[in-house]
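Novice: The residues making up each chain are set out below.
2 protein chains.
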Amino acid sequence: MSRMPLPGPLHVTALGNALVDVIARSDYDFVDSHELERGATVMVDLERVEAVYADLPPAQEISGGSAANTVAGLASFGASSAFIARVRDDQLGKVFTHDLRSLGVHFDVPAATAGPATGRCLVVVTPDAQRTQCTYLGVSSELGPDDVDPELIAAAQVTYLEGYLWDQPAAKEAIRKAAATARSIGRQVALTLSDPFCVDRHRDEFKHLVENDVDIVFANDDEICSLYEVSEFDEALDHVRRHCEIAALTRGPLGSVIVGPDEVINVPAEPVAAVVDTTGAGDQYAAGFLYGLTSGSELDVAGKLASLAAAEVISHLGARPEVSLRELAGDLLP
Amino acid sequence: MSRMPLPGPLHVTALGNALVDVIARSDYDFVDSHELERGATVMVDLERVEAVYADLPPAQEISGGSAANTVAGLASFGASSAFIARVRDDQLGKVFTHDLRSLGVHFDVPAATAGPATGRCLVVVTPDAQRTQCTYLGVSSELGPDDVDPELIAAAQVTYLEGYLWDQPAAKEAIRKAAATARSIGRQVALTLSDPFCVDRHRDEFKHLVENDVDIVFANDDEICSLYEVSEFDEALDHVRRHCEIAALTRGPLGSVIVGPDEVINVPAEPVAAVVDTTGAGDQYAAGFLYGLTSGSELDVAGKLASLAAAEVISHLGARPEVSLRELAGDLLP
Numbered sequence: 001m002s003r004m005p006l007p008g009p010l011h012v013t014a015l016g017n018a019l020v021d022v023i024a025r026s027d028y029d030f031v032d033s034h035e036l037e038r039g040a041t042v043m044v045d046l047e048r049v050e051a052v053y054a055d056l057p058p059a060q061e062i063s064g065g066s067a068a069n070t071v072a073g074l075a076s077f078g079a080s081s082a083f084i085a086r087v088r089d090d091q092l093g094k095v096f097t098h099d100l101r102s103l104g105v106h107f108d109v110p111a112a113t114a115g116p117a118t119g120r121c122l123v124v125v126t127p128d129a130q131r132t133q134c135t136y137l138g139v140s141s142e143l144g145p146d147d148v149d150p151e152l153i154a155a156a157q158v159t160y161l162e163g164y165l166w167d168q169p170a171a172k173e174a175i176r177k178a179a180a181t182a183r184s185i186g187r188q189v190a191l192t193l194s195d196p197f198c199v200d201r202h203r204d205e206f207k208h209l210v211e212n213d214v215d216i217v218f219a220n221d222d223e224i225c226s227l228y229e230v231s232e233f234d235e236a237l238d239h240v241r242r243h244c245e246i247a248a249l250t251r252g253p254l255g256s257v258i259v260g261p262d263e264v265i266n267v268p269a270e271p272v273a274a275v276v277d278t279t280g281a282g283d284q285y286a287a288g289f290l291y292g293l294t295s296g297s298e299l300d301v302a303g304k305l306a307s308l309a310a311a312e313v314i315s316h317l318g319a320r321p322e323v324s325l326r327e328l329a330g331d332l333l334p
Numbered sequence: 001m002s003r004m005p006l007p008g009p010l011h012v013t014a015l016g017n018a019l020v021d022v023i024a025r026s027d028y029d030f031v032d033s034h035e036l037e038r039g040a041t042v043m044v045d046l047e048r049v050e051a052v053y054a055d056l057p058p059a060q061e062i063s064g065g066s067a068a069n070t071v072a073g074l075a076s077f078g079a080s081s082a083f084i085a086r087v088r089d090d091q092l093g094k095v096f097t098h099d100l101r102s103l104g105v106h107f108d109v110p111a112a113t114a115g116p117a118t119g120r121c122l123v124v125v126t127p128d129a130q131r132t133q134c135t136y137l138g139v140s141s142e143l144g145p146d147d148v149d150p151e152l153i154a155a156a157q158v159t160y161l162e163g164y165l166w167d168q169p170a171a172k173e174a175i176r177k178a179a180a181t182a183r184s185i186g187r188q189v190a191l192t193l194s195d196p197f198c199v200d201r202h203r204d205e206f207k208h209l210v211e212n213d214v215d216i217v218f219a220n221d222d223e224i225c226s227l228y229e230v231s232e233f234d235e236a237l238d239h240v241r242r243h244c245e246i247a248a249l250t251r252g253p254l255g256s257v258i259v260g261p262d263e264v265i266n267v268p269a270e271p272v273a274a275v276v277d278t279t280g281a282g283d284q285y286a287a288g289f290l291y292g293l294t295s296g297s298e299l300d301v302a303g304k305l306a307s308l309a310a311a312e313v314i315s316h317l318g319a320r321p322e323v324s325l326r327e328l329a330g331d332l333l334p
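Protein chains in written order, with this note's numbering: chain A, 1 to 334; chain B, 1 to 334.
Because the hints were derived from the structure by calculation, they are not lab data. Careful, some of the hints might be misleading.
Unchecked claim - Which residues of chain B face chain A? A partial, calculated answer using Cβ under 8 Å:
{"no.": "1", "residue": "P57"}
{"no.": "2", "residue": "Q60"}
{"no.": "3", "residue": "E61"}
{"no.": "4", "residue": "D99"}
Predicted model, so just to flag it, every value in this text is computed and none were measured. Just so you know, even glycine gets a beta-carbon here, dropped at the ideal spot from N, CA and C.
Based on the sequences and whatever the hints tell you, model everything.
Specialist: Below, the structure is given as structure tokens:
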């Protein structure tokens, strides 16, 4: 299997699902009639994703996947990064691969030549700009520890892990291997909790991870409250301060709160003329924050870069930036 | 081969290429370095489309194809229509089929189970909102007379033909069969000239078609000037008045000119706040015009519907309407 030459030093190596988003506008009647979770993500099998697709209005396809969106955002800031995930040798796999490589992201896990198709995520954007998702993982669910190239982990300042992966036993082992590899050589590990339902499914394991193996946690208010089984954000904040070095907690239009070793910083949300589609807001927030952190910014500046990236992505359909985040950030860059 | 039940009476049955557009923003350096024709469409083989794609920035996939875009626009006006084209049983073929059927368009040519892949069109949108295209027809080039179901032609008031098809010998026979079938039972035949380079390749045959087999011609100023080998639009107008019953000639921001049996009507362009991507302007113009014509509007009103549909589609990426053209048209509808 010929692999691409290893890149030089990296800002971030990420592990996640390789998905192509299939984005359509519809309403909550559609969401409810297909028993999807309003505003959240459900994992479905092939039969169910095809049944929902058959009823979906005309759609557009844009590469997605939570951690993949984050490395695309990092590339837009000018960072170098690598991505580890599974695609098949089909048309959607080629689309996914093209859309990362054309950004300069190192992505060379060989495409599977048999088994399930490349994963996809049906994204229903409702008139309130919220997105409800229905994901068929396909071959992405076959990611395992053998796909984790220790050289890519060693090359990166931060290894970024997608919580959604925790649903699959082999992917869980891949995460454990990546985190252990990174920490054994003094690299940082970041984790996004991904989804409140995902947290609910794996609460104890996620808590153990956050307390023992993770340096930087990303979560939104629902996710962090679910992790600690509390109803108020401030209560969750008390827990998180005791358990991890850095946490970046997003609160939608309320902005975000960054918890550092010695400080708690409130970052206002960047104003947006019109919110079109909130898909990818958390992914791009993570991109901005990780770019700041790995290029020497202070936490407050990293938070501003994060808010800026999130604001760009919610102003249009799709979960990846449409303009250069590097240009957008201008003087904020280190 | 199980076919879908034939629909009732149709406004339009269209023959065209089945393509998925792969849309990316870039600049004329990219266009020139890949030897594409600025603002036009070149037909390429698999090797070349893959070479251009490898260099293309991240893209989004949206179903396209000139005549397919027109039937999508007709559906958005509330018209019933059928489409005849070839896809393969691959992921892009499923995307193309889904995006038409979910609009209620009757599309039931069985997907090929062997041979080239579903066709695609790389669309490079430059900062001036122009589009330069590079089309790999794939299995679409295998459309032939056997695919033309006479019942679908008989069911439709107008049979609409895409000039691009003329590049393929078998598709040319399909066009001839469709036109002959329609005229033999007193139905109307419409043709779009598609592209000035396409006209240049087939001038004599297109002239013969327009003079003998076509009731309604769609062309932009470059195409109609190319057809009659004149440099001034007004000269082309003199020719066209003598040769066909109805012509709808578009002139970009100058609006359009409709030539009827007894009149020539100038239709102003509908104002657009910001032109984002001109892909599909002609296709949606044809949708509006054909909707008006087949639902009993006078030529001037059909022209207004046409301009309205064109204005909607150039205000966003992609060649199909994003909002209901029926709602947009409001009081203009018959």
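Novice: Hint by hint, note whether the structure agrees.
Specialist: Results of checking the hints against the structure:
1. For B/P57, the shortest C-beta to C-beta distance to chain A is roughly 6 Å, which falls under 8 Å, so the interface hint holds.
2. The beta carbon of B/Q60 is positioned within 8 Å of a beta carbon in chain A (closest approach about 5 Å), and the interface hint is therefore held.
3. Nearest Cβ of chain A to the Cβ of B/E61: about 4 Å, under the 8 Å cut. The hint holds.
4. Among the interface hints, the one on B/D99 holds; its C-beta lies about 4 Å from the nearest C-beta in chain A, closer than the 8 Å criterion.
Checked against the numbered hints above, the structure violates none of them.
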